[in-house]
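Student: For chain E, the structure is supplied; the task is to place chain H on it using the hints.
These protein sequence lines are chains E and H, in that order.
Residue 24 is where the first sequence starts when you use my numbering, and the numbers rise one by one after that.
Residue 85 is where the second sequence starts when you use my numbering, and the numbers rise one by one after that.
Hints should not be assumed to be uniformly reliable.
Covered stretches of chain H, as calculated for chain E (at least 3 residues, CB under 8 Å) [what the hints assert, rightly or not]:
{"id": "1", "stretch": "137-148"}
{"id": "2", "stretch": "164-178"}
Examples of chain E residues toward chain H, derived with CB under 10 Å [what the hints assert, rightly or not]:
{"id": "3", "residue": "Phe163"}
{"id": "4", "residue": "Leu187"}
{"id": "5", "residue": "Asp233"}
These are calculated hints, taken from the structure and not from any lab test.
As the structure is a computational prediction, the values presented were derived from the model and not from experiment.
Heads up, the beta-carbon is just placed ideally off N, CA and C, and yes, glycines get one too.
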Amino acid sequence: MSLPAEQLPPLAVAVPLLGAAVVLVAGRWLPRAGSDAFALGWAGLTAGVLGVLWHRAGDGAVRTVVGGWEPGVGITLHADRLGAGLALLAAVLVVAVLAYSWRYFDEPPREHTGAFPALVLLFEGGMVGFALTGDLFNAFVFFELMGVAAYALTGYRIEDPRPLHGALTFGVINSIGGYATLLGIGLIYGRTGELGMARVGVRLAGEQADALLVCAFVLLLTGMLVKAAAVPFHFWLPDAHAVAPTPVCMLLSGVMVELGVYGTYRIQHTVFEPAAIVPASVFRDIFLVLGVLTALLGAVMCWQQRHLKRLLAYSTVAHTGLFLTGVALVSRDALSGTALYIAGHAAVKAALFGLVGVLLDRHGSVDEHRLHGRGRGLRTAGAAFACGGLALAGMPPFAAGLGKAAAEHAAGVHHPWVIAVYVAVSALTGGAVLRAGLRVFYGAGPRPELRPPPDEMTGSHEPPEIKEPVRGIPPTMTGVPVALVAACLVAGLLPYAAPVPGWTPAGVLLGLLSTTLAAASATAALRWPAASSHVIRPPARLHSGRVGDYVAWLTAGMAVLTVVLAVRV
Amino acid sequence: MIMDVLPYLTAGWIFLVGLYGVVTSSDLIHTVGSLAVTQSSTYVLLLAIGYREGGTAPVYGDTSARTPVVDPVVQAMALTDVVVGATVTALLLALVLQAAKRHGTTDPDQLTGLRG
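One chain only, chain H, in its complex shape:
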């Protein structure tokens, strides 16, 4: 029973840990890293959903069609998710890099006065 829900609890835990990281962050690089942690919860959840007892990778090249495989749909989703995550992380890190280069800080509190 506990092993059945463990992956889901783990995914939820990782999501919350990532959020905690963003909330308490005082460095933008750390913020973007925490965001990537948040995202990795989605990989865990997707792969947990697609898991089949005794299943192998869903590639039919060298196995018979009757071999149990894990759900290929979530694998495709996780793959797309990785691409999305890489894009977001790269873009945000590029913005942080510009902030560091041109304005000499990665502390969000020192960057500007967006408020009110």
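Excised from the complex, chain E in its bound form:
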């Protein structure tokens, strides 16, 4: 391609948006397979553009001021290795998801065959734009664009009340987060007269952190932390992920939530850190606590689930906590390790959701207890599910394990205790997935209790996302997850240059340690089922399903963050 590099970022945003419009219109005439193939083409093109962009950006950055406006208030796009890499990750995952959902749903009504793929492309446009934006206001616009597409996709199956409820919770909480971010952007613009992130950072240099800037920081980050599902902003995530159609869960868990962590990093790193408004040490202290709390709560909640999608959703909360911890360490090594961890996690988590989708398709249930031994016939899926559990636990040589090892290595320099958190959280979440996989696909352990406990979702009687499974399992539904797990494995074997250190003896040992712990806890849970579930009830009671409660938590979180920050800076 001979396009100038600075034309690539706008192209990468425009292609999926244009694709969404074209696919939607073409869906009026095209049969379903035609719409799907067409959308897949657009997604592939986007991934191609982003691949070239990622390559061209190299260690530097490609900056574009769209429309030839003076820098300052125009639209700027900034593609560095991290941003372009995340956008590329989103694009690749979208290709995988469109391939996966090839024959996933019931036959859509004629003249609307393009609706689902068009929404996915719209979602992709939002995510790519958010990853590449260089100015604050467009960060908000793309934040809301990916949000709206995601709410619609979550509530896609309107015939069931649960997706409606989940989508509403998701929409309300995320919109409040978005509006808080916009208030913060307004305050920053009022103070500096700039919207470009880097220019705001320059303009703020030398200013004292006063009440206005502290408020702006908290407001800006509220939206990002809601998206990243950090405690106590995380309540929407399990509710939305448990009920969204499986292909949508793959995207939400795989990359959208992680973009919230990226947004947190971008805002701190580009806007507040250079000007020392929020010094790195303060950011580190606050976000280490936040990240570790999120990771631990997510892991404990993940362990206690028997609703498989909810289990995976809480594992996403736990891992996002670890990513937030990695960003909070404020070191280049930790950041690149975390980036690799995010990529590896995205592949594995999408694969696991995909395999749960196969179970839902076959048995109309995602209840670990009810599905006991029912997956015996699905050998490939079972093997892939177990591999996914091991990868989530950080086993070498999966890329997720390598990213975890690199982040642990960086954490060991100043905060060795954080390593214990990484190991414990990987072991618990990986162990939960292994336990579920062994039960469902291999019939391990005694037949578990079917009676549901009073305040918990079991995931049985989920309406299958297709009405009658008369067809066999479409090959892409197992093929895509297997390919994703394989990609995670291969990515962990590639030779890496600094700052990702590659496999070190310590990294391998820690990875093996967390894998062993995961296997041990899974075995223990299978042998003594009663002792393994419902260890800790109080956190579960907080997840009440009422959007009002969640917003109250969000407000409390903002208040605590403001007070802590006001004391520290």
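Tutor: What follows is chain H alone, placed relative to chain E:
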């Protein structure tokens, strides 16, 4: 002095009122309405930031280039914000409508059992 900060206090107040509405809501239509209230705080804040003493609308058709105008950037932002808000409200109301049509309730407590 008080007139200088009044718009900002108002914006903060509207934001909190909206949040209070969502927290105490027992009807989904009311929840979405409260969300729209929350959002309107952003309009107030943006317009307050762009206000210039004696400024007129930033349209240069029939005024001289030296007439003071309010900041057009925040107006563009507020306009985009309105579009975003309309999209979100419309989508959420459509979801509530489906809930009412197919499941006969707009009370979030009766809708489902998402918990744990």
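Student: Run every hint past the structure and note whether it holds.
Tutor: Tested hints:
1. 137-148: The restraint on the stretch 137-148 of chain H is violated, since only 0 of its residues have a Cβ under 8 Å from chain E and three are required.
2. 164-178: holds (count 7)
3. Phe163: With a minimum Cβ separation of about 8 Å from chain H (threshold 10 Å), the hint on Phe163 (chain E) holds.
4. Leu187: holds, 5 Å
5. Asp233: Because about 14 Å separates Asp233 (chain E) from the closest Cβ in chain H, which is outside the 10 Å limit, the hint is violated.
Consistency note: the structure conflicts with the earlier hints numbered 1 and 5.
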